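K.L.:
Note that the protein sequences, when read in sequence, are chains D and G.
Residue 25 in the numbering used here sits at position 25 of the first sequence, and the numbers go up by one each step.
Residue 158 in the numbering used here sits at position 158 of the second sequence, and the numbers go up by one each step.
Since the hints were made in silico from the structure, they are not lab data.
Here the structure is a predicted model, which means the values were calculated and not measured.
In this text, a Cβ means the ideal position worked out from N, Cα and C, and glycines have one as well.
Be aware that one or more of the hints could be misleading.
[To be verified] Listed below are several chain D residues computed to face chain G (Cβ distance under 8 Å; list not exhaustive):
1. I5
2. K19
3. S32
4. L34
5. F36
6. L49
7. A51
8. S54
9. I55
10. I64
11. S65
12. P68
13. V69
14. V82
15. N145
16. T147
Protein chains: 2
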Amino acid sequence: MAEYIAPLEILIEQFRSLKGVGRKTATRMAFSILDFSNEQTERFANAILDAKRSITHCKRCFNISDAPVCAVCSDGRRDPGVVCVVEDARAVMAFEKVKEYHGLYHVLGGVIAPMEGIGPDQLHIRELLERVNNEPIREIIIATNPTIDGETTAMYLARLLVDYDVEVSRLAYGVPVGGDLEYADEVTLFRAMEGRKSINQKP
Amino acid sequence: MAEYIAPLEILIEQFRSLKGVGRKTATRMAFSILDFSNEQTERFANAILDAKRSITHCKRCFNISDAPVCAVCSDGRRDPGVVCVVEDARAVMAFEKVKEYHGLYHVLGGVIAPMEGIGPDQLHIRELLERVNNEPIREIIIATNPTIDGETTAMYLARLLVDYDVEVSRLAYGVPVGGDLEYADEVTLFRAMEGRKSINQKP
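The task is simple: from the sequences and hints, build the whole structure.
P.N.:
See below:
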């Protein structure tokens with residue numbers, strides 16, 4: 001018995017297919033399942049199938065949704081003049097938690113990543129331009145992640161949007177609130193210096 | 001939309017029920033599922049159900065098995081005179097990887113943990129004593145984990161086995177091979193000193 005028995009090995013491989021899960025974690029999780037009762041196991045498997053079956057993408061902004069139009073887009077109190085462009089639905093959730101943003105979103109479904117063969121056509125960029133044409137949008141806030149690919153995508157979008165009558169902004173860079181300067185990386189510190197704001201108290 | 005939509009929230013909660021998985025990891029894994037194709041999702045859910053359905057416990061040693069008697073117990077080349085007592089099937093796998101142990105196992109199914117309400121009756125201790133009575137066992141190696149509960153259980157078993165004609169041993173404590181003494185905790189260092197072995201080369 002050099003390896004695990006087949007059904008366990010298969011389950012471990014399945015857990016490994018989840019993002020960020022290595023062999024050790026997958027093995028631990030597979031053993032957890034073996035400790036489950038039959039009812040717990042059924043519930044687990046059903047939650048997976050149900051989520052996949054019932055969750056779709058909002059046809060307007062591509063946020064995840066269990067209805068054709070997502071909860072944000074169908075909320076009449078949101079400002080349709082501001083659209084925050086994000087990489088994925090997780091970013092939408094992150095902003096929603098803050099509860100300070102009252103505009104809409106547009107989920108790109110990734111970023112331009114030539115190394116992985118992802119170009120603008122694989123993202124919901126065409127649909128963004130359609131929205132800019134058809135909706136009363138005043139401002140587009142580009143909120144892709146502060147990574148190289150996120151930057152590239154932000155620059156690409158900014159260039160595309162030059163031809164449209166819409167203001168385009170990008171999230172501010174700086175030191176994270178509550179963080180320790182000692183642990184901030186150099187690029188972040190440089191950006192924080194560059195973006196410094198006057199706090200002079202003029203009489 | 002202060003929370004995730006219901007089917008996603010349910011899936012996250014299911015992932016959280018796996019050992020050692022917190023809210024953040026569970027959320028990441030749930031989003032992974034949403035990125036799966038329908039076929040991938042079906043395969044994942046089926047692997048869970050199949051593993052649970054087909055994996056049972058060996059009726060002799062309680063190791064996990066897809067047959068009534070596990071691969072170790074049914075291997076005629078193993079020495080039935082030596083039984084290594086472990087907490088769970090994961091420990092069996094760990095020893096099997098070494099490929100140097102040729103005896104059998106006995107899986108307790110946990111350790112005595114009064115704080116969690118687990119007493120000797122919840123473990124396969126009665127079955128171990130039956131094996132000592134009915135099988136040609138010469139030696140019992142107690143290989144519970146080097147934790148407080150593992151120690152308690154080892155001591156409990158050692159006391160029980162005093163009445164039987166069988167040698168009882170415990171895994172050696174010491175500094176882990178390849179480790180750095182600087183990082184070894186004090187208890188381990190103390191045990192390593194206590195268990196020191198002579199390397200005198202007598203003429």
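K.L.:
Next step is simple, just say for each hint if it's right about the structure.
P.N.:
Results of checking the hints against the structure:
no. : hint : result
1   : I5   : holds (5 Å)
2   : K19  : holds (4 Å)
3   : S32  : holds (4 Å)
4   : L34  : holds (6 Å)
5   : F36  : holds (7 Å)
6   : L49  : holds (5 Å)
7   : A51  : holds (4 Å)
8   : S54  : holds (5 Å)
9   : I55  : holds (6 Å)
10  : I64  : holds (6 Å)
11  : S65  : holds (7 Å)
12  : P68  : violated (13 Å)
13  : V69  : violated (12 Å)
14  : V82  : violated (16 Å)
15  : N145 : violated (15 Å)
16  : T147 : violated (17 Å)
Checked against the numbered hints given earlier, the structure breaks hints 12, 13, 14, 15, 16 and satisfies all the rest.
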